[in-house]
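Since chain A is already given, all that's left is putting chain B on it; use the hints.
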Amino acid sequence: MKRLALLMSLAAAPAMAQEVSIPHTTFTLPNGLRVIVAEDHSTPVAAVNVWYHVGSGYEKPGRTGFAHLFEHVMFEGSRNVKEGDFDNLLEAAGGQNNGSTNTDRTNYYEIVPSNAVELALWLEADRMGGLLDAFNTQKLTGQRDVVKNERRQSYENQPYGLLWETAAAALYPAGHPYSWSTIGSMADLDSASVEDVSEFFRMYYAPNNATLTIAGDVNTAQIRPMVERLFGGIPRGPAVERPRIPVPQIAATRYITREDRVTLPQVSVIWRGVPRGHADEAALDVAAALLTDGKSARLYKRLVYDQQVASQTSSFNNANLLSGDFWVTVRGKQGTQLDSMEAAVTEEVGRLAQAPPSADEVQRVVNQIVTGFVSSLETVAGKADQLNSYQYYFGDPGYVGRDLARYRAVTPADVQRVTRQYLTGKNRVVISFVPTGKTELAAKETD
Amino acid sequence: MRRTAALVVAGAALVAALPAAAQTPFPTTPPRPGPVAPVTPPSPVVRKLANGLTVMYVRRTEVPAVNATLVVRGAGNTDDPADLPGLASFTASMLDEGAAGRSALQLADALETLGARLSASSAWDATQVNLYALRNNFPQALRLMADIVAGPDFPEREVGRLREERLVALSRSRDEAGAIANNAFPALVYGPQHPYGRFATTEATRRLDRARVQGFHGGRYRPENSTLILVGDVDPTAMQPVVQSAFGGWRAPGPTSRAPAAALAAPTIARSVVYLVDKPGAAQSEIRIGHPGVARNSPDYYALQVLNTIVGGSFTSRLNTNLREVKGWSYGARSGYQMRQAAGPFTAQAAVVTAKTDSAVVEFMRELGRIRAEAVSAEELDKAKRYLALGFPQTVETNPQVSGQLAGLVTYGIEPSFLSTYVQRIMAVTADDVRRVANQYVRPGNAVIVVVGDRSQVEAGLRAVNVAPVEIRDVTEFTK
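Protein sequence lines correspond, in order, to chains A and B. Basically the working numbering = 1-based index in the first sequence + 1. Basically the working numbering = 1-based index in the second sequence + 1.
Because the hints were derived from the structure by calculation, they are not lab data. Ideal Cβ positions, reconstructed from N, Cα and C, are used throughout, including at glycine. Hints may be right or wrong, so weigh each one.
[What the hints assert, rightly or not] Facing chain B, according to a computed beta carbon distance under 7 Å, are these residues of chain A, among others:
hint	residue
1	Ala93
2	Gln139
3	Gly143
4	Thr264
5	Gly295
Just chain A, with the same shape it has in the complex:
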């Protein structure tokens, strides 16, 4: 947590007046590994966080889910770490670890007492340099079964669990790497081979395609030689080109209905947004919050608080490396006709486009975002992940101050403009999830 160098102002609206930074230093090894170190001695804890610049957005059709399956394999041992010992060694040192995969990147982290930082770095270095030395078919099949159960547990056995996958296929043209979900399909998971793993590792898991962040109770002067000794001998890999695909437009508005074992019908309206880091990202984030975050948020207040015709609303400006989507979802009550929910979404978005929101509305949202920045950086783990994220998306781990400034700069007129530019009257994907046999509840094209 902490040592967020926050310079407080004495002004009356203090949430607006803060500077936020995460003090850190960076260096790059000859093999291309970029290293970020952020000291924070408030608790004797440290986080080691590695981002490999590969995610499901780098996959090929027919090999969907591979980046995530590969993430699982990374925990199964490497040249000097026998199967199971990755976790055994960390637990015996009082550490936690995990990893995650999304469209754009795969991350791995350890959170350890600060006396065990070298162990965490050694484990990361051993698998970056020597995963394939210890790899075998049995490890792949074992983790394939685990991942298939992850898919069953988190998607297939969850109400509305296939929404994300349905949306991906509708929002992107066939072959676009965002047109499939990160978990992948069962068939593709089955066809993943040992050769695929080796090829994938050699292509993407090289030091020059990764960033390593260490945040917490560490001494930068001691960390640097440690990192050089552990990671310096890992050979540089080929340069990996990030996929470069122009943001595709949604060709035509589409209505999709899925029957599911659910009680409450739910509709999602999704527009094309902007990629991460785009100049309009912050204003779209604010627009999403204005619609559904808090009791006075426009769509929530109308449908859930005032009319009480919906059970919940949510919205989300999902901005990623290659593209972005702006989501609004309304879950009804039993028997709710989703046409009326979709109409309410369209009307509230239209209202924002017609007249700018009040300054108070925007201020409330931005003040919540400022608090969110502070609290998300309370842990060394959160801080480390943010530094890697800023490095990947903005090329600058120190971007946090400017990131916050982007939100503080959003004006009511900006919100109106982006709503007009990206949402109202634009092509969209409308996905209804209805109880099995109740397709008449689905939202339908009316024009």
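Here is chain B on its own, set in the frame of chain A:
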């Protein structure tokens, strides 16, 4: 385009992956962790207001933010009247729906303008109200928190609105196999006579009204039963007048309605039974296995933490290693003791692929039997102890974490010094301790085994493996 480029890159990688002449040899054995850095456990400054409210301060200046947690003992789910399960939880959710003349919307707007986050919820033995705000806005936000706690209006309209929201939530409780299992398991372990066995039903939820909410709040939200914990960039001397002005006027309007703590005897389970609840078409079966566990004040607390870490409390625990890593039948398996004023449940659980449901139950029972029958190895014991003890600093890293730790202690009348002795007490646990508590507190022969899954696919197998007699239960029994 991308595909072509990728193939070229792959060819280059084969060359690059040949061993490079490393400048220094890579160590082939793991580095041994250095000396453990000392951690200073939070040591609160304690004050008391004239109305009986206890105030605890822990000053931590790393971020300009403060977390406040108010613990109201005697207002937990256990304190629900027998005829109205859900009342404590509903009352907590009604607190910020209007207070001291401000409407629900006005309160929400005021808090958002301050960038503050407020939430209230009931746990088993207390209700907690939590506030997070940046330092400069904290005094104003704290006054709103005090209004919400001491002067909620419980407007009729909002009572009706939240009651309807709960009814809608109940209507979909059958959608999720995991949610069905989470209701069925305690209901079958404790039965309706015990508060731990009750759950909010549609019938009871319909009877939630303003009078019951006001009565519960008036009788049970009492300053003398409450502790306000402030953690963060807060100076006790400077903040105490603010706390006094915000909370000093809090009086409980009615006489205490707190019944003398009745001894909640845990039921005994004569023999194990498999209760199968049909969830047609389910891709996985949700499994819950267990029985009444142990109360929070147990002298065996530390041995039980170590025991559970070995059985199902960490990634390398026996249950997760067996069902996930070795068998590949699950995304994860775990276990835990819910320690409350009385003995909450011990639960071992996983979601497993439908086709392996019966085999998974067999493996669960094997692991629960093995921890009783065989001594744990020195290595396994040491790993579990170190995992808990050395991982302790990670549990007191943030202001909300420290607040939460203290709130848990305050709820059960445990001194904050618990945090100073925790590490040594964990490290003192022996293999004999683990064996002894395993035989006392893990009872696979007297367990409730709940399986929520596709009956047509799993029933025959469950009967064939004959771990215990199989009873079919209807989902409507647990999602009323």
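**OP:** Could you tell me which of the hints above the structure violates, numbers in ascending order?
**Re:** Violated: hint 2 alone.
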